[in-house]
Amino acid sequence: MNRRASWFNVTSIAFGLAFLYLPILLLIIYSFNESRLVTVWAGFSTKWYVSLFSNQGLLDAAWVTLRVALLSATAATILGTLAAIALVRFGRFYGRTLFSGMIYAPLVMPDVIIGLSLLLLFVAVDFGRGFWTIVLAHITFSLCFVAIVVQSRLSTFDRSLEEAALDLGCPPVRTFFQITLPLIAPAVIAGWMLAFTLSLDDLVIASFTTGPGATTLPMKIYSQVRLGVTPEINAVSTILIGIVSIGVIAASLVTKRREVARIRAERQAAAGIRNGI
Amino acid sequence: MAAKAIGPVRRTFAPWDDPAAPPFIEFRNVTKRFGDFVAVDNLSLTIYEREFFALLGPSGCGKTTLMRMVAGFEEPTEGEVLLDGQDLAGVPPYRRPTNMMFQSYALFPHMTIEANIAFGLKQDRMPKAEINARVEEMLTLVKLTPFAKRKPHQLSGGQKQRVALARSLARKPKVLLLDEPLGALDKKLREETQFELVDLQQELGLTFLIVTHDQEEAMTVADRVAIMDHGRIMQVATPAEVYEQPNSRYVADFIGDINLIEGRIVDRAGGRVWLDCGEAGGMIEVEQAMEAATGDDAWFAIRPEKISLSLEAPAAPSVNCITGEVWDIGYLGDVSIYHVRLPDGTTMKSTVTNRTRLVERQITWDDRVWLTWPRDAGVVLTR
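Protein sequence lines correspond, in order, to chains R and H. If you're matching positions, the first sequence starts at 32 in our numbering and goes up one per residue. If you're matching positions, the second sequence starts at 281 in our numbering and goes up one per residue.
Nothing false has been slipped in among the hints.
Only pairs whose alpha carbons sit at most 27 Å apart, straight line, appear in this in silico DSSO-like list of lysine-lysine:
hint, chain 1, residue 1, chain 2, residue 2
1, H, LYS452, H, LYS408
2, R, LYS287, H, LYS431
3, H, LYS467, H, LYS629
4, H, LYS429, R, LYS287
5, H, LYS408, H, LYS454
6, H, LYS408, H, LYS429
If you are wondering where the hints come from, they were derived from the structure by calculation, not from laboratory data.
Please model the complete structure; the sequences and the hints are all you need to start from.
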């Protein structure tokens, strides 16, 4: 295998990265633009970030988004973890195939359809649309992502650890909290972060399920862009990108770091055994 | 593991011969089915207090299922399991006075060695000072005191095994269940640990129930061995009895190496049996009291080390002498195994201890040899 980077590989990677990240990079650069005109560079400035914090409409929207994301991610994590446990642990129960199929459905279902069907549901049951309907909708679609992440961890989980705890006199519920949960915690945290980021940047489903008084940040940005892009929007988008990137990076670090720590400890142990400690 | 004079104790320990001895673990007509598969088939078995009992058999013979029924991870489909007179039906694993050492050790990876050993004691709400004292005692017992603060993945396989043992002993269970406890260790360490286990069991005076597929392990550690096949017990006896007096071809073949010759019982008198083995073995005379009728089909079973091999026909007319040609020789270091081909084409194995440095073999390939054995060397089996 040729491991050296040929010029062809370098070029294709450069094009690929540029295609993905150039627009975002431009957006970030122009958020520091002095000029009011988005397409003309007039020197470095952070004034749009300052003016952003006096724009009450955007701040309100950001607050709504944050609360929706925190609530829906937490609820989705609890429900998704339970679903994963049911799928991995309870072997064949009545309707298992249907259940596992339905868990995966929101992954492939277009957002428009999820949004529309939820809207129809809320109208049908006459549920007042607003903040809580967005939360419910976000729980619905992010739950499956949590379930998948936790399920993959559970499928490699050594059941005899739980049996050992039971055998040592620990009742089942306590065993779950003292043994199972600490061991699957990285997957649960990663699932929460995934759900949080998904909720944060959702526009379509939120637009369908919202009501008066509940405008999320992506909705606010979208509606302002229709009146023309202002550098303020660039600034708020840059902050949003920052938060989402931190969330995704943190989620992967949590799982990665434990792995690295484990390998390092194992190496130390091997060295210690060799030295006859 | 102090050096105590446990030899005499072990020699006289035989509650299974005493009809008045109370049973400690009792399986009464236990059947366990998983769907259509019968893992345990109408099995009854009694294990006594302070006994080191081994369940031995090939994988899938039901031995692990039997043990898991004592631990409470499986409930019998039919029949009952009693421990110290108490029916265990419906008692969940966390309320049973048994502890198990798992094949994978199942050490909690997110806890230190100390916390692993203390886990069961904390569940029992033991005072903290007592827990610390007991953990210390257990760590000393398995010689792991310097490792108290380590995590399981920082230990070697042998150390993990000892932590698992300490953890399962910490609560002083009535019965310690050992599920293939030494399977993951290398041969030398395994042999050492077997003797340590026996000493430990004697010292603590607990009842140990071990599941293994390794017959040498079962023979080394156990007071009695149950050989299982297809969810049934084939024979329960001391290691020596199982080896010297197997009750069936299955047991004879499972434990150690054996020669089996097919024949027919032609006469029985005065505690002796005569077996006509046709072309292969001629007339074989065995000292054995048995109930089989004359004319029944039977098998003569004899261990290779009980057959003497010589290049000349015995001078005095001897019982049980057959002749053949050396077909193959297997040199194992301590012993050599001679495969001798009989006139009818079957092969008999004879083990010879290599007492000298054997530069020149006295008996070699294609030699005509005579195989002899006394009347009480082998057994006649009817099933």
